[in-house]
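Trainee: From first to last, the protein sequence lines are chains E and Y. This note's numbering puts the first residue of the first sequence at 7, with every later residue one more than the last. This note's numbering puts the first residue of the second sequence at 7, with every later residue one more than the last.
None of these hints come from the bench; they were simulated from the model. Heads up, a few of these hints could be off.
For identical chains, the list gives no copy identity; a pair is met inside one copy or between any two copies.
[What the hints assert, rightly or not] Under the rule of at most 30 Å between Cα atoms (straight-line distance), these lysine-lysine pairs were calculated in the DSS-like manner:
1) 138 x 296
2) 37 x 177
3) 13 x 289
4) 137 x 279
5) 296 x 21
6) 171 x 146
7) 52 x 171
8) 21 x 237
9) 278 x 37
10) 249 x 99
11) 171 x 37
12) 37 x 330
13) 306 x 177
14) 210 x 310
15) 214 x 279
16) 153 x 304
17) 37 x 249
18) 249 x 269
19) 52 x 269
20) 37 x 251
21) 214 x 330
22) 142 x 310
23) 171 x 330
24) 37 x 52
25) 210 x 137
26) 210 x 142
27) 37 x 214
28) 21 x 304
29) 21 x 153
There are 2 protein chains.
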Amino acid sequence: MNEFLLKQLNDVTQKVNLTINQIFTQENTPKELYNASRHLMEAGGKRLRPFLVLKSCEIVGGEIEVALPIAVAIEFIHNFTLIHDDIIDNDDKRRKVQTVHVLWGIPIAITAGDMLFAKAYEVVLYNIDCKKVTSKRLLKILDEITKATILVCEGQALDILYEHKQDVSEKEYFNMIGKKTSALLQLAVKSGAIIGGGRRSQIKKLDKFAYYAGLVFQIMDDVLGLTGDEKVLGKPIGSDIQKGKRTLITIHALAHANNNQRKRILSGLGNKKASLREIEEIKQIFRSLKSIDYAITKAKMLQKRAINHLLSFPPTPTREALLKICEYFIMREY
Amino acid sequence: MNEFLLKQLNDVTQKVNLTINQIFTQENTPKELYNASRHLMEAGGKRLRPFLVLKSCEIVGGEIEVALPIAVAIEFIHNFTLIHDDIIDNDDKRRKVQTVHVLWGIPIAITAGDMLFAKAYEVVLYNIDCKKVTSKRLLKILDEITKATILVCEGQALDILYEHKQDVSEKEYFNMIGKKTSALLQLAVKSGAIIGGGRRSQIKKLDKFAYYAGLVFQIMDDVLGLTGDEKVLGKPIGSDIQKGKRTLITIHALAHANNNQRKRILSGLGNKKASLREIEEIKQIFRSLKSIDYAITKAKMLQKRAINHLLSFPPTPTREALLKICEYFIMREY
């Protein structure tokens, strides 16, 4: 990662972690529930969403300290969805550690996710400085949080339902990831800009930026899930195939495969017992059909669109940081 | 059920269902997610929490129409917790129908619960009449919703954790059900009274009323789970024993059992394979130790405390309705 970006991300991470540690105290009981809720956040995470909140606040001229509770709230929402996703996808590992339901069981994991969601609202309602933020603006932010979470749930449901749908179109795929992934990034930039006092036109541009950046992020996430390094990524490679996840890669491959290739892809897709050799064979088909290249090219094109929406902001270090994070979405290794 | 109460409850149910039907429209997609979210609400439910919201609004002199979105929001929260509870407890039936995860699978059920939680905030944020409710009051209500849901999650976690704890004290039991059950009833009366413009002293009395009424409700729920009629109740009798649920009855029995009785109770408690005969034997021990009577007597005592907090309100039909609902908590059959 670019050194300038790394420094900026570390700075945000420090601020956010400090606030998280103030919110989760030793007195919280039952301890198991609170430990389960914070487990994934403690295991790491890049704090991309908090970064987007604070930089979007800054780029419209706001004070980032005021936006900090929102940054934490969105990180809570992100992590609540991860806890529930891991149960849904039956994933054992994330961020190189065991997932919440593996460590505490599904009942506590479901409840820990629910609580983290409620805590997101709590952080905003309790920690926002009422002297600096009007009630109306606060309500607007709560409204955005709520709408975005509903979209994330819709996207998550589509992701689940598409596992059992034979033909998923590119349009359906983009609708799904727009909700599942972009919606939370859009929430991050919008709420950061709203609390920073941004103009409507600025909020709109940041919104578009985050929408396209989210698509890039998800496409590259799917690419990494196939081609990444298991040790760096912290989760098993190729598991998306076993789960039957629809990605831009599988959609492209299925649309361009001959009968024999199509049969072999479909026999592995959604087959939890697919062997490593079968998965390797399917990856080979993807390569021969240039489906992975197709996804990367598409991601780069969308990245350009994302960046274009930023270029009307003056060339400040804050704009540079947002541009760099979007570049990083393509180059990242985990 | 008393005819006066039945009429009042039906009236509330009609109003609430109408609003729910306006919120869930045919256009919502993905259909599976929205159908899963509304499934339990459509299957029935007594709308006790909406009833408490509207009557509490009325008793402090407020217009019930203004409180309707809050009544619906709290019904959403209640149902979101039921969807997740049924997964956690592995329950197949509720309200005489199959549970959400049985019909749509665990992944969609988890997501449907999450979305219903978000929808609760949406209802309040979108449907409250801003001409009649100040932003400050609206924020206060969102704050109460958030705090209550965190308590419900804590109570739910305690309920789960106590299944594996050998000795649970009465104090721990009351702390658990105060969070798991009373918190949402307290939210209902408080938010109803807040939006109705109630005075602080009125809100405090209603809060105490709902706290004790919630304890009564939960104790009697545990009694019904042992002694009720399976067909009326709509779920299997004695399953609390198999699940290892700690109730006032089991706590009393374990504290008063001789060694042999204790051994027999513990061999069935939390034993998913316990036979109907074993459960019947344990019920017999509960009867011989008068543990069920003890729970009912305790519930009646707490009911008196609940009622006492209402008696300082003038004797109106609204007060009568709240008194009757609390009486019903003891007499109900499902």
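Trainee: Which of the listed hints are not met by the structure?
Mentor: Hints 1, 3, 4, 5, 6, 7, 12, 15, 19, 22, 23 and 28 are the ones this structure does not satisfy, whereas the remaining hints hold.
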